[in-house]
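With these hints in hand, go ahead and build the complete structure from the sequences.
Listed below are the residues making up each chain.
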Amino acid sequence: MKKLLALVPFLFASMAAQAADEFHLYNWNNYIAPETVTRFEAFCKCKVVQTYYGDNEEMLAKLAAGASGYDMIVPTGNALEPLIRQGFLKPLDKTQLPNLKNVNPVYLNTDFDKGNQYSVPYAYTITMLGYNDQKMKELGIPVDSWAAIFDPAILAKIKGKVTVLDSANELMAAALKYLGYSVNDTDEKHWQQAKDVIMKAKPYWAAFNGTSYIKELTVGNIWMSHGYSNDFFQAEQDAQAAGRKFHIRQGLPKEGAVLALDNMVIPKSAPRPDLALKFMNFMLEGKNSAELTNLIGSGNPNLEAMKSIKPEIAKNQAIFPDKATLSKLEMLKDLDSKKRRVRNKIWTEIRAS
Amino acid sequence: MYKRSNWLWAISAAVYAFLYVPLLIVIVYSFNDSKLNAEWVGFTFDWYRKLFHHDEMIQAAGNSLGIALVTSAVATTLGTMAGFAMHKYPSRILQLLVLTPIAIPEILMGVSLLLFFVMINMTLGLVSITFAHIAFCIGFVAIVVRSRLAGMDESLTEAARDCGASPWQAFRLVTLPLIMPGVIAGALMAFTLSIDDFVITFFTAGANASTLPLQIYSMIKIAVTPEVNAVSTLLMGLTLVLIVVASKLSPNALRS
Amino acid sequence: MARWLVSGPPLLYLTIFFVLPCLIMVLASFRSPGDYGGLAPLHDENGNLDLSFDNYTRFVSDFIYAKVFLKSLTYALTTTVVCLVMAYPVAMLIAHSSKKYRDLLLLLVILPFWSNFLIRVYAWMIILGPQSALSRAVNAVLALFGMQPVEMLFSGFAVIVGLVYVHLPFMVLPLYANLEKHDPALLDAAQDLGANAWRRFWRVTFPLSLPGVFAGAALVFIPALGIFAVSDILGGTGGIMIGNVIKQQLLETRDWPFGSVLSIILTAVALLVAGGAAWVARPKREGVEHV
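Residue numbers (the numbering used here), protein chains in the order written: chain A, 1 to 353; chain B, 1 to 256; chain C, 1 to 291.
Be careful, since some hints might not be right.
As the list claims (entries may be wrong) - Okay, derived cross-link-like pairs now, DSS-like style, lysine-lysine, Cα gap no bigger than 27 Å in a straight line:
#1 B:K50 to A:K47
#2 A:K45 to A:K135
#3 A:K287 to A:K310
#4 A:K202 to C:K99
#5 A:K200 to C:K71
#6 A:K195 to C:K71
#7 A:K114 to A:K45
#8 C:K67 to A:K200
#9 C:K67 to A:K345
#10 B:K88 to A:K45
#11 A:K278 to A:K47
#12 A:K345 to C:K71
#13 C:K67 to A:K338
#14 C:K71 to A:K159
#15 C:K67 to A:K339
#16 A:K189 to C:K67
#17 A:K202 to C:K67
#18 C:K67 to A:K195
Worth flagging that the hints you see were computed from the coordinates, not collected in a lab.
Structure below.
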């Protein structure tokens, strides 16, 4: 009993602390540099309260069930569509966003938000291959094609040392690209072909893994992964810090890949949309935007930011691809409920055997 | 008391080893001078130092502890009542109502609780998390208490009643002490379930509330740094201290 | 009157915080998924109630989901049996220990579970990984016999290890609570009558402990059936559990109605198995108390 009483003031204290000016940011894990947060807090004279999600779907599920209290969310393009369609978002007051001009026009006016009525680009990642360069050279594995994870002839050499993402959308997209189709192809015959490709390659894979492949690559248990560009950047940094003799390199397949553009949006239920707009404009400033890229190697849609990005990152083709490569990258579109059911059935069949 | 055979000791020791090897890795690696949590590099207190500056993590850990204590207290009370009722006045409905929260997938319960809270306009936060935790812990306590009651000798309570005790006195002075090990076991279980819950907490937490499992989950992608090991070690240590203090205050709680 | 005083509060609490939320989801299982998430409106364009059994028939027609169910049942059953075998000696030891050690031993069982779930499972990734001491030892032994090295991590074996590890205390605690009450006089009597240690255990202790066994089995089997995190982290490509499928319905596919159906079926199966086991354990002999 005494224990309980001792903790009651604790609970009250934490609740009272929330009376100050607060900006609630609901963001991906590790998707903003701590220095940026501190600087924004000084700039707006407010407190930034962060909550995190690891997946668009988690965030969508919470919002669909009615969760509120967030001032800003950072969904990927294909998650932005459902948010707009369900009417969750507040239209942006562009007069408060003078820094919008800094953004690379290539990333504006996308299919999922024409005219950028609700969203502003934040950062992007590309889903690609990440590998242990020493092992790949030793075994003579080509690292510029999806064949590295789909071709059984190649896979036989690296059996049990490959992981792929645990995401129906991403893996199907990779298989569709390998077959020469668009990632947004909704022809069910093509989906069956993609499924066959996956099933043939599956026996050679170690696991479907979306979270710990960074560590497994760095430690050397896994030699080839299907994953996100900034994760591989992280893996390489960790590997060098741990004194490994190999490097973790990024391989952008020549058939093309998925580009995931994350955007800042303001929910209709935001308690402080004014702070949200301030934050948006703040993040559209070149040097603030660059901090994230310098920290985690994420792609940056902000042209002003290029001036403040470390040169070795700016030159990295896998993070800032040239025009030719960019044309082969596609953004995933959301599917309607019938297609989602079909896809889930295929995915369950893939995972359950 | 009869002699325990050696093989009982041996097997138990093996089981304890099974339980503790991963834990030792967690503790030992909290002092590991490497971000990776993969192999031993060198000794350092850095992670503990970083932890003390990591306000979010400390707040989350505090929240978790507070929620777990409240949950344990309330769920144990309600669960003991339920377990007692299930034993004395068996009814299909009560049994179903108590068992189903355990059987139902956490993720469904999480989403449905969120929908429910939104429907009744409850603000999401530490309180909503606590309500949710109590709901799924009651069943665990009830089952343990009931199984304890099932093995109990009824004649003692009957004798007390024969001597003129009211039902409440009989319960308080005879039954309750006899089932105390079951109640304590249930309380421990409820505490454990609450402090470590992720799925239900994820859905019922508001924009302000964070618990330790949520905080840790949010860090998984970036390779779980040893800071998490440090906070786990500290949390275990703190809970251990609390329990030891509590047991000194009520030394016969675990015995009948 | 006393009856309602005792069963009232828990009933009330559970009705508010469990039954009502569940009714929402049960209703959802008859509706259609919203095009972009959530649920479709209750009334469709013509103003008719959009309710049907479609989601349920889908479970039958898309057989793959039932297959995943069966696999989860096997995993949960295996986990329960292994937990029972491992927990029983420990529970016995604690129950028969002197007062001085009993609390300590019990605490030691539970202590690891106050660290964090994810951390403990990740620790198993280290223990079972190909570069760990254990892996190397095992593979060295296998090499002696001329066999191929095995991958312990990312396999069904790793998932079972993880599941057992995560559920073990929930088997120990109920068993302990039950065994602690056993009257040593019964065993003394059995010994006097000439029964050896094994017979004393099998004919006296075990039957008396059945309520604890079933309580523990229920507390392990039922959650193990619906869990998803362990196989996500430790599992290979070899197969997902129904918990993962339900999670996918609620998150990636945003198909709450179907997720609801799968959950209802899962809950029903779990309750049936628990109820069936309790029924099987009903007293067939006189003088032995059961649940």
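_Need the status of pair K67 of chain C, K200 of chain A: alpha-carbon distance at most 27 Å?_
holds (21 Å)
_Restraint check for K50 of chain B with K47 of chain A, where alpha carbons must lie at most 27 Å apart_ = It holds: about 21 Å lies between the C-alpha atoms, which stays within 27 Å.
*Please work out if K88 of chain B and K45 of chain A have their alpha carbons no farther apart than 27 Å.*
violated (61 Å)
*Verify the proposed pairing of K189 of chain A with K67 of chain C, using a straight-line Cα cut of 27 Å.*
holds (24 Å)
*Could you grab the alpha-carbon distance between K114 of chain A and K45 of chain A and see if it respects the 27 Å cut-off?*
violated (33 Å)
*Restraint status (C-alpha distance of K278 of chain A to K47 of chain A at most 27 Å)*: holds (13 Å)
*Are K195 of chain A and K71 of chain C close enough, with their CA atoms no more than 27 Å apart?*
holds (21 Å)
*Are K67 of chain C and K338 of chain A close enough, with their CA atoms no more than 27 Å apart?*
Cα-Cα ~22 Å, so holds.
*Is the Cα-Cα distance between K200 of chain A and K71 of chain C 27 Å or less?*
holds (22 Å)
_Given hint K135 of chain A paired with K45 of chain A - CA-CA distance at most 27 Å_ = Since the Cα atoms of K45 of chain A and K135 of chain A sit roughly 51 Å apart, the hinted pair is violated (cutoff 27 Å).
*Does K67 of chain C lie within 27 Å of K202 of chain A when you go C-alpha to C-alpha?*
holds (19 Å)
*Verify the proposed pairing of K67 of chain C with K345 of chain A, using a straight-line Cα cut of 27 Å.*
Status holds; Cα separation ~12 Å.
Comparing the model with each earlier hint shows violations of hints 2, 4, 7 and 10; every other hint is respected.
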